Amino acid sequence: MTEPLLSVRDLSVTFDTRRGPFHAVRAISFDVGRERVGIVGESGSGKSMTGRAILSLIRPPGRVEASRLTFDGTDLRNLPERQMRRVRGRRISMVMQDPRYSLNPVMTVGRQIAEALRVHGRPPRDEIRRRSLDMLTEVQIRDPERVLAAYPHELSGGMGQRVMIAMMTVTEPELLIADEPTSALDVTVQLEVLRILDDLVRRRGMGLIFISHDLRLVSTFCDRVLVMYRGRIVEEIEAQQLAEAQHPYTQGLLNCLPRIGGGQGDLPTLQRQDAWSHA
Amino acid sequence: MSAPPRIEVENLSVVFGEGARRVLAVDSVSCRVEPGASCGLVGESGSGKSTVLRAICGLAPIAGGRVLLDGQPLERRRSKAFTRQVQMVFQDPYGSLHPRHTIDRILSEPLAIHRFPRTDHRVTQALSDVGLDPAFRFRLPHQLSGGQRQRVAIARALILEPTVVLLDEPTSALDASIQAEILNLLSRLRRERALTYLFVSHDLAVIDHMCDRLLVMQGGRAVEELGKGALASGDVSSDYTRTLMKASAGFVRPAAV
Amino acid sequence: MSGVQTPPTIREWFATDTPRSRFQARSIAFWNAWQTLSSNWLAMIGLGIIVLLVLMAVFAPWIATHPPNAQNLPGRLNPPGWEGHLLGTDELGRDVFSRIVYGARVTLYIVALVAVTAPVFGLIVGTVAGTLGGWTDRILMRITDIFLAFPRLILAMAFVAALGPGIFNAVLAIALTAWPAYARVARAETLTVRGSDYIAAARLQGAGTFRIITGHVMPMCLSSVIVRVTLDMAGIILTAAGLGFLGLGAQPPQAEWGAMISTGRQYLLSHWWVATIPGIAILTVSLGFNLLGDALRDVLDPRAATK
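Going line by line, the protein sequences match chains A, B and C. The first sequence begins at 1 in our numbering and counts up by one. The second sequence begins at 1 in our numbering and counts up by one. The third sequence begins at 1 in our numbering and counts up by one.
Hints are not guaranteed to be accurate.
[Claimed, not checked] Anything over 10 Å on all C-beta distances counts as not near chain B; from chain A, calculated:
| no. | residue |
| --- | --- |
| 1 | 31 |
| 2 | 79 |
| 3 | 117 |
[Said to hold, decoys possible] If the Cβ cut is set under 10 Å, some of the chain B residues that face chain C in the computed set are:
| no. | residue |
| --- | --- |
| 4 | 88 |
| 5 | 113 |
| 6 | 135 |
| 7 | 159 |
[Claimed, not checked] Heads up, simulated EDC-like pairs for lysine to aspartate or glutamate below, C-alpha to C-alpha not over 16 Å straight-line:
| no. | chain 1 | residue 1 | chain 2 | residue 2 |
| --- | --- | --- | --- | --- |
| 8 | B | 228 | B | 18 |
| 9 | B | 228 | B | 212 |
| 10 | B | 246 | B | 235 |
| 11 | B | 246 | A | 186 |
| 12 | B | 246 | A | 192 |
| 13 | B | 80 | B | 161 |
Please keep in mind that the hints were generated in silico from the structure rather than gathered at the bench. Values in this document were obtained by computation on a predicted structure and should not be read as measured data. Virtual Cβ for every residue (Gly too), placed ideally from N, Cα, C.
Start from the sequences and build out the full structure, keeping to the hints where you can.
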């Protein structure tokens, strides 16, 4: 097998609080190739922290430790902030949950995309415009001219998230970390956004880390799923084999969802076991 | 003549704003819920499903139509007696509990307003009814997890012993495993107390699990009314419902080219 | 051993996250706030200054070395340290140190009286306007605007001129000019909580407007108002001093810091201590309130506390 795009070994994120250290992520290891990897877990499982740790976006009092954290051969640990900034945005991008908070409200969409493009070099104005329009078309925005001149509050949630994806992928990153990119969206819009992400992965050969709480959605969208519980990866499984998951936590997460036509009897609830957080 | 429905909404319309900014949030929606039944309102954001609930309990202005409780039309201002009958559970358990009131105060305040006797006993009883340890009684909301807070919100809604409970996405802010616990709790309480539910959710599976009947809403209008089992058998007539059903099944990879 | 319950120690009683009574829950909240506050040394300096002021006011007869109004014309305008006069004497030979000590009483009286009137009135106006909205809001807020539009000292002067000079009237004037700021703060805070689900829930439980305003809205506005009051205290002391300086506040021979500066002004170049010492006193107390107010903002701010 060829060298994976991203290789993580023993990644830990610890927060020093007044009541002692809090371990958000505990020594997890995984690889990501040019594929769709889902990280699933409930709130507090450390899934978002994992995404942020890769991009060194953890602020003090948080600490990140890893025995290996390489991206395409580059060691991301202890990379000076200047060089990290060059990796961030250009080679690895991140899409957050709610476009309303991650887009700048007082700048037009066009300026924000242009800003992203200027991260590397200073391409001429008409090229910036052409590439911005191309990118917006690529995320299936029908009237890119209008959207380019619009302010974020003039866009709907789904449109905003598309703009966000356009902004994060206009620099043609090799890896995209999407942290709950569709959770704030309606189901029908959700699927359109997923289709766009799917398209980008397949046509550009981009790697994708898809962080979500929605096991069912991840299982239909990703190639491989990492299930996290209390800062640990309790199971790593091919998405298509999710129904045959071994770990009781994964099974519990799948079973506790109501199903259409599942009857009105009580739903099986998850019986948490302490052993899961040690294994 | 048969008994009137517990709650009935007739051609309800809700309008926000005026002039150029006038928004018709709910456009003549009707539905009836029999005593002890559970009716679901399902739709995407902006469909007006939550606004229907808010209009019923007087939190949104009714522009047209009327709401009847046990066959009696409601007056413009909701009376104190109405609040004994109809209670609501909100979506966000972080926003629906006063951040500076202890659980004890949150639960005993409605009792004080309605002059219920034996407050102390009722509060401890309400906590145990929703499966919370009495030790939580003097905590503040921020010391509780999301699921525990939603349990407190449910306890608060039920402490006045209402007959109708309006549930506005009560589990959408919660993790899946916690959602299962809360849904089970709601089902059990409905069985035990013969409650009538009006359940709003964007999640078809949740609605199918919790309700006998459901109303699909889109853009302020009721698109379609479905009975029990219609979703499972795919016995739906509108395209929109079909789109929703397909979307909630998850992502389908386009065939490889 | 199991079954045997030892009564909790004080430390455990405060540290538990499962309080057993309303009283304990409230005590723990105060304890935690105190812990945060006491870890800020600037706040502790501020608090120390205020405590010192209070002690000085309470025990003035024992602390003062001379009667504050005892004149000694032969010994007038003597420098600090002269014949047992720690901080010198003023133009009538009165002991400056003793006058400062007794002046603390006046300052504290002004501060306390303003603190219990203006913010309370402002809080009521602001929360009522914010909660009820509509015409009530418009009328109350326009009245507030009118009061805000006048420069504070000028308005206070006008009131004092109408009511007659004196400490009580000065306090009244200051309170009348200080409340609009609190009304604004309280209204702004009310508008952010008015639409929240917990207010809607209270309404659905049949809570009346009075209960909602006093039980639900006011607790959310209280912290911002308290912080604002402590930060304003410096300004209030200065306004009181200003009125005293203009001869509209405390009347001679009463020892009041502003009035002391006013009379000392004439000798400022030749006998600096007469005006400078009360100036330092005003500065120190103002600083104390500001330091405490800054730290209180961090402790009480509901937005910071939710995280």
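Quick rundown of the hints versus the structure:
Non-interface call for residue 31 of chain A relative to chain B: holds, since the shortest CB-CB distance, roughly 22 Å, exceeds 10 Å. Residue placement check: residue 79 of chain A keeps its beta carbon more than 10 Å from all beta carbons of chain B (closest about 34 Å). Non-interface status of residue 117 of chain A relative to chain B is upheld: no Cβ of that chain comes within 10 Å, the nearest being about 29 Å off. This hint holds: residue 88 of chain B has a C-beta 6 Å from the nearest C-beta of chain C, less than the 10 Å allowed.
For residue 113 of chain B, the interface hint holds, since its Cβ comes within 10 Å of a Cβ in chain C; the closest pair sits about 5 Å apart. Because the smallest distance between the Cβ of residue 135 of chain B and any Cβ of chain C comes to about 4 Å, under 10 Å, the interface hint for this residue holds. The closest approach between the C-beta of residue 159 of chain B and any C-beta of chain C is roughly 9 Å, which is under the 10 Å cut-off, so the hint is satisfied. Restraint check for residue 228 of chain B and residue 18 of chain B: not satisfied, since their Cα atoms lie roughly 39 Å apart, outside the 16 Å limit.
With a C-alpha separation of about 5 Å, the suggested pair residue 228 of chain B and residue 212 of chain B falls inside the 16 Å cut-off, and the hint holds. At most 16 Å may separate the alpha-carbon atoms for a hinted pair to count; residue 246 of chain B and residue 235 of chain B meet this at roughly 14 Å. The straight-line distance between the Cα atoms of residue 246 of chain B and residue 186 of chain A is roughly 13 Å, inside the 16 Å bound, and the hint therefore holds. Among the hinted pairs, residue 246 of chain B with residue 192 of chain A is consistent with the structure: their alpha-carbon atoms are about 13 Å apart, no more than 16 Å.
About 13 Å separates the Cα atoms of residue 80 of chain B and residue 161 of chain B, which keeps this hinted pair within 16 Å; it holds.
In this structure, only the earlier hint numbered 8 is contradicted, and the remaining ones agree with it.
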